[in-house]
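**Q** The lines below spell out each chain.
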Amino acid sequence: MNFKKILSRVLVYTFLIAIFVISVFPFYWMIVGMTNSAVDVIKGKMTFGNQLVNNFMTLNTSYNLSRILFNSIKISMLTVMGTLIVASMAAYGFEMYRSKTRERIYGVILLSMMVPFAALMIPLFRLIVELKLLNTHAGVILPSIASIFIIFFFRQSFKSFPKEIIEAARVDGAGELRTFFSIVVPSMKSTYAAAAIFSFTTSWNSYLWPLVVLQTDNQKTITLLISNLASAYFPEYGVIMTTIVIATLPTIIMFFALQKYFVQGMTGAVKQ
Amino acid sequence: MVGNEAQTSLKSKNVSYERILNRYGWGFTFFALILLITFLFYPIIYSLYLSTMSSKGIVQKFVGLNNYIRLFNDQMFLIALKNTFTFLVIQVPIMLFLALVLAAILNDKSIKFRGIFRTGIFLPAVTSLVAYAVLFKMMFSLDGFINTTLMNFHIIQKPIPWLLDPFWAKVTLIIAMTWRWTGYNMVFYLSGLQNIPYDLYESAEIDGTNKIQQFFYITLPMLKPIIIFTTIMSTIGTLQLFDEPMNLSSGGVTASSIGPGNSLLTLSVYIYNLAFKYMPNFGYAAAVSYVIVFFAAILTIIQFRVAGEKD
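Sequence order for the protein chains is A and B. Taking my numbering, the leading residue of the first sequence gets 1, the next gets one more, and so forth. Taking my numbering, the leading residue of the second sequence gets 273, the next gets one more, and so forth.
Just so you know, these hints were derived from the structure itself, not from any lab. Please note: incorrect hints may appear among the correct ones.
[Stated by the list, open to error] Taking CB as the label site, the calculated pair distances span: (1) A:SER112 with B:ASN294: 33 to 43 Å; (2) A:THR61 with B:GLY387: 38 to 48 Å; (3) B:ASN294 with A:SER190: 25 to 35 Å; (4) B:MET494 with A:TYR233: 45 to 55 Å; (5) B:ASP437 with A:VAL12: 27 to 37 Å; (6) A:VAL12 with B:PRO433: 33 to 43 Å; (7) A:LYS132 with B:THR572: 53 to 63 Å; (8) B:ILE570 with A:THR216: 35 to 45 Å; (9) B:ASN286 with A:SER160: 19 to 29 Å.
All C-beta atoms in this analysis are idealised placements derived from N, C-alpha and C, irrespective of residue type, glycine included.
Please construct the entire structure, taking both the sequences and the accompanying hints into account.
**A** Structure, rendered in structure tokens:
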């Protein structure tokens, strides 16, 4: 290796390590922050303190953490279940029983992915009020079940599902619904896992729509709690850090445990 | 005669069979279509109708295009529009270029610890937008971690007013967004690079090209479809920017100014304010939202055009 090559190697690694440290450091900082008092957090103290229990106690007694966590888990779980059933059935319907009309509808659906949420937020809000779903979890869940991205993601996967198997099941006299639920679904586990992770993180992290729909404190989610705490006049930074760690933990665990599906869920639909 | 009869019966059997399958097609898509019509198509169309109305409280009257004309004289709207485009034009290219460079480096098989680098750089993408915005707000406070560290290393003499000055507030938001989304985009590029045969690089190496030439002559052209895709996604994402400016600014939802001197006011935040914070004017807010639709459509078409021309 000549000098120039070694130099470029050193530069490349320095660059990589710098980006790596910048990417990972805030995670370290929030874990440290969870154990520190408000003053220490804001001063940027980088070592562990002894306020962890205190921060938790404050969260539990003043902000009803268990209730908030229950709300978040309930909303995310129901959204995931609804989305998996509705979106995968729709994708199967579009892909396996093709018709001109449905292809056109599918085209319109894909196109509407381009419409920003802000453009439908106001009529959606009025609709939720009409349906008496304001300040209910159903009001948050229902509009997010038919996720276009996940319908698209499922359809891309169904494209590679061997049609002969479905034909064979038909010849054997299995009904269409039974074919779907007992042959297709069980053989697409990784697709379902990826879609579930994507749907869960989206729902768990969502902010704008829950902010509009959920109005009383005992209905709110953990994401809304972070936002509330941070906009207080005298923010309790240690408590905020604890909340951030709690809110980030489920997605991080999922990421490390199911990394393959996690990345597949985000990029899988693009490959076709 | 007999054969003909058999054929017609087979044909009619096929037709009725197709009809049954078609019915299943509607059956499987039924729930999704009902939900999409109710919670997506109806609001989109109703919003367009609403944008031609003026509503103060419950009184509504038809004003035609007046809401859209009013936009041109609305200082707040013009600020929001300018801010949104500033973020779009500066942040998106920086982030996508950084993501491309990182992907190109991490695709090189001679680099050690590729898996660890990849995972670490992707990690910010698992945080919620609200969580990281609040985290950055704390790190970039006046006597916060960033200023303390920079002063300890004698890089700056006095603290930078990150979130207290209109210019620096924008810089902070751009840094924060780049932190959150670079790794995310990198993963798209990495998966795209898998489809480029590795020996293409090896033979280019033999031909005496250096890494930078390989980046511009092999990596960029081969990744073009994915670059277009990520550009469109980032454009639409930036046009909808809401969680970050709302949570980086002090006071959050109830603040009178989003960032110092409204320097972080974006179109989506303005829509929220018009609809839910000030005296609600749903009609005017709907008009602003259609401005976003308009720009999303125009920019997407332009990006597709650019993609098409060079082929």
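**Q** Indicate whether the distance between the beta carbons of ASN294 of chain B and SER190 of chain A respects the range 25 to 35 Å.
**A** holds (30 Å)
**Q** Given the hint of 19 to 29 Å, check if ASN286 of chain B and SER160 of chain A actually sit that far apart at their C-beta atoms.
**A** holds (27 Å)
**Q** Are THR61 of chain A and GLY387 of chain B spaced within 38 to 48 Å by their CB atoms?
**A** Taking Cβ atoms as reference, THR61 of chain A and GLY387 of chain B lie about 43 Å apart, which means the hint holds.
**Q** In this structure, is the beta-carbon distance linking VAL12 of chain A and PRO433 of chain B contained in 33 to 43 Å?
**A** Since VAL12 of chain A and PRO433 of chain B have Cβ atoms about 35 Å apart, the given range 33 to 43 Å holds.
**Q** If I claimed the Cβ atoms of ILE570 of chain B and THR216 of chain A lie 35 to 45 Å apart, would that claim hold in this structure?
**A** Holds - the Cβ-Cβ distance for ILE570 of chain B and THR216 of chain A, about 41 Å, lies within 35 to 45 Å.
**Q** Quick check: does the Cβ-Cβ distance between ASP437 of chain B and VAL12 of chain A fall within 27 to 37 Å?
**A** Because 35 Å falls inside the window, the suggested range holds.
**Q** Quick check on a hinted range of 45 to 55 Å for MET494 of chain B and TYR233 of chain A, using CB atoms only.
**A** Because 53 Å falls inside the window, the suggested range holds.
**Q** Using the Cβ atoms, figure out if SER112 of chain A sits within 33 to 43 Å of ASN294 of chain B.
**A** About 24 Å separates the Cβ atoms of SER112 of chain A and ASN294 of chain B, which means 33 to 43 Å is violated.
**Q** Tell me if the beta carbons of LYS132 of chain A and THR572 of chain B are separated by a distance inside 53 to 63 Å.
**A** Hint violated: Cβ distance 37 Å, outside 53 to 63 Å.
Comparing the model with each earlier hint shows violations of hints 1, 7; every other hint is respected.
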